[in-house]
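Whole structure, please, built from the sequences with the hints as guidance.
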Amino acid sequence: MTEKIISINPFQNRMINANDHQTSIYAHRRSLFYQAPLSLPASSENTLPLETNAMKEQPIIIDTSGSITNLNLTPAQQKDEFTMGIDQRSINEALASGLTAINMTMGYVFGKEDPFEQTVRQIAAWDALIRRTPESLRKVWTVKDIQAAHTNKQVGVIYGFQNAVMMGDNEHRVEIFANLGVRFIQLTYNTRNSLGDGSMMPENQGLTEFGRKVVHELNRHHVLVDLSHSGEQTCLDAIAASSQPTIISHTGCRALTNLPRNKTDRELRLVAESGGFVGIYFMPFLAIGRQFTSEDLIAHIEHAVNVCGEDHVGIGTDGSVTKIDDMQGYMTELKNEVDHRHATGIAATGERADIVPFLSDLSGTNKFMELADMLAKRGHSSGRIEKILGSNFMNAADRIWSA
Numbered sequence: 001m002t003e004k005i006i007s008i009n010p011f012q013n014r015m016i017n018a019n020d021h022q023t024s025i026y027a028h029r030r031s032l033f034y035q036a037p038l039s040l041p042a043s044s045e046n047t048l049p050l051e052t053n054a055m056k057e058q059p060i061i062i063d064t065s066g067s068i069t070n071l072n073l074t075p076a077q078q079k080d081e082f083t084m085g086i087d088q089r090s091i092n093e094a095l096a097s098g099l100t101a102i103n104m105t106m107g108y109v110f111g112k113e114d115p116f117e118q119t120v121r122q123i124a125a126w127d128a129l130i131r132r133t134p135e136s137l138r139k140v141w142t143v144k145d146i147q148a149a150h151t152n153k154q155v156g157v158i159y160g161f162q163n164a165v166m167m168g169d170n171e172h173r174v175e176i177f178a179n180l181g182v183r184f185i186q187l188t189y190n191t192r193n194s195l196g197d198g199s200m201m202p203e204n205q206g207l208t209e210f211g212r213k214v215v216h217e218l219n220r221h222h223v224l225v226d227l228s229h230s231g232e233q234t235c236l237d238a239i240a241a242s243s244q245p246t247i248i249s250h251t252g253c254r255a256l257t258n259l260p261r262n263k264t265d266r267e268l269r270l271v272a273e274s275g276g277f278v279g280i281y282f283m284p285f286l287a288i289g290r291q292f293t294s295e296d297l298i299a300h301i302e303h304a305v306n307v308c309g310e311d312h313v314g315i316g317t318d319g320s321v322t323k324i325d326d327m328q329g330y331m332t333e334l335k336n337e338v339d340h341r342h343a344t345g346i347a348a349t350g351e352r353a354d355i356v357p358f359l360s361d362l363s364g365t366n367k368f369m370e371l372a373d374m375l376a377k378r379g380h381s382s383g384r385i386e387k388i389l390g391s392n393f394m395n396a397a398d399r400i401w402s403a
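Mapping of the sequence shown onto my numbering: residues 1 to 403, in sequence order.
Rather than coming from a laboratory, the hints here were simulated on the basis of the structure.
Check the hints yourself; a few may be wrong.
[As the list claims (entries may be wrong)] List time: in silico DSS-like cross-link candidates among lysine-lysine, alpha-carbon distance up to 30 Å:
hint, residue 1, residue 2
1, K335, K112
2, K139, K153
3, K153, K377
4, K112, K139
Following this line, the structure appears as structure tokens:
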């Protein structure tokens, strides 16, 4: 295997053993699969202005589950063990895309490392990275930070978890993470943890008593309760248990594509009725048995709008802005990642090595504004498009972060 590509998605970082950096880099790769790149190599002609026919001014664009990593870096090019993949190229491309803020997954997701220690160390590393790049990156604590990032042409970095196992058996750890600036906490990944069942658990047992305690603490400390990856009953139980709006940062619509990573209309509707938010991802779960396209994405966005209303839907791409330079190497890594995820039981139904986990027809730094134009051509108003691109999430987050 060559070192031309460090990772399919160097995003949900696992702890790197300093005594065995090379081995752990490849373990890290295997842990990260479905946060995927969004773009094929772009041509020099792919240079639409940020202000398009749908938007006369640059809108606020928020990706509620994504990445600003450079997926092409080799292990030798990594800056440190926890912010792997962030370099000037990836920052520049995120800025060029018009991205205002992004929910960056950090901390433990799965693996053999100590979840609490690894998570705290990675938060510290991200704090250090943002301090080194204040002209480009801004840590997001409240909606005011997102607004400031937009004004100052920065990318706001929202700290989020895609699992809650770092709580151990102590729900009061929520306060620690809230004080460190974590603004999203997803209750489960695909499998079962002490809070409840993930989307791939056929038993669908729902939220545990400990999970209810964690939800209460998330409410108390004004942290977003993220129900992405959760099983259906866990999702429904958490909505009922929460005294504040809940969110689903990245999902699709099961009514259109019957896969467990997608949410039922009932789940979508109840999140919206709570005053919450649903982000639609740019992922293979939007279709079954074939390469998905921007038409599938538009269909899922429109279905979610019909179910939730136009004030509760946005985008959570589950991907990166940076282009892939070596597609042959990428496809080799894709197969390795998919095989490993299935072997370890963490894969979701629909993950396949022959289906690339990004939109080849909606790619590069122009993807967000191209999406805006696609929605405009479907008859959506500029006001609705601005809501989908970012203001809906702003409103939902403000209800919780400012409570």
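Check your understanding: K139 and K153: Cα distance at most 30 Å?
Key -> holds, 13 Å
Exercise for review: Given the hint that K153 pairs with K377, test it: the Cα-Cα distance must not exceed 30 Å.
Suggested key: Roughly 28 Å separates the two Cα atoms, so the pair holds.
Review point. CA of K112 to CA of K139, is that 30 Å or under?
Key: Satisfied, since the Cα-Cα distance of roughly 29 Å is no more than 30 Å.
Review point. Does K335 pair with K112 here, judged by a C-alpha cut-off of 30 Å?
Key: holds, 22 Å
Of the numbered hints given earlier, the model fails none.
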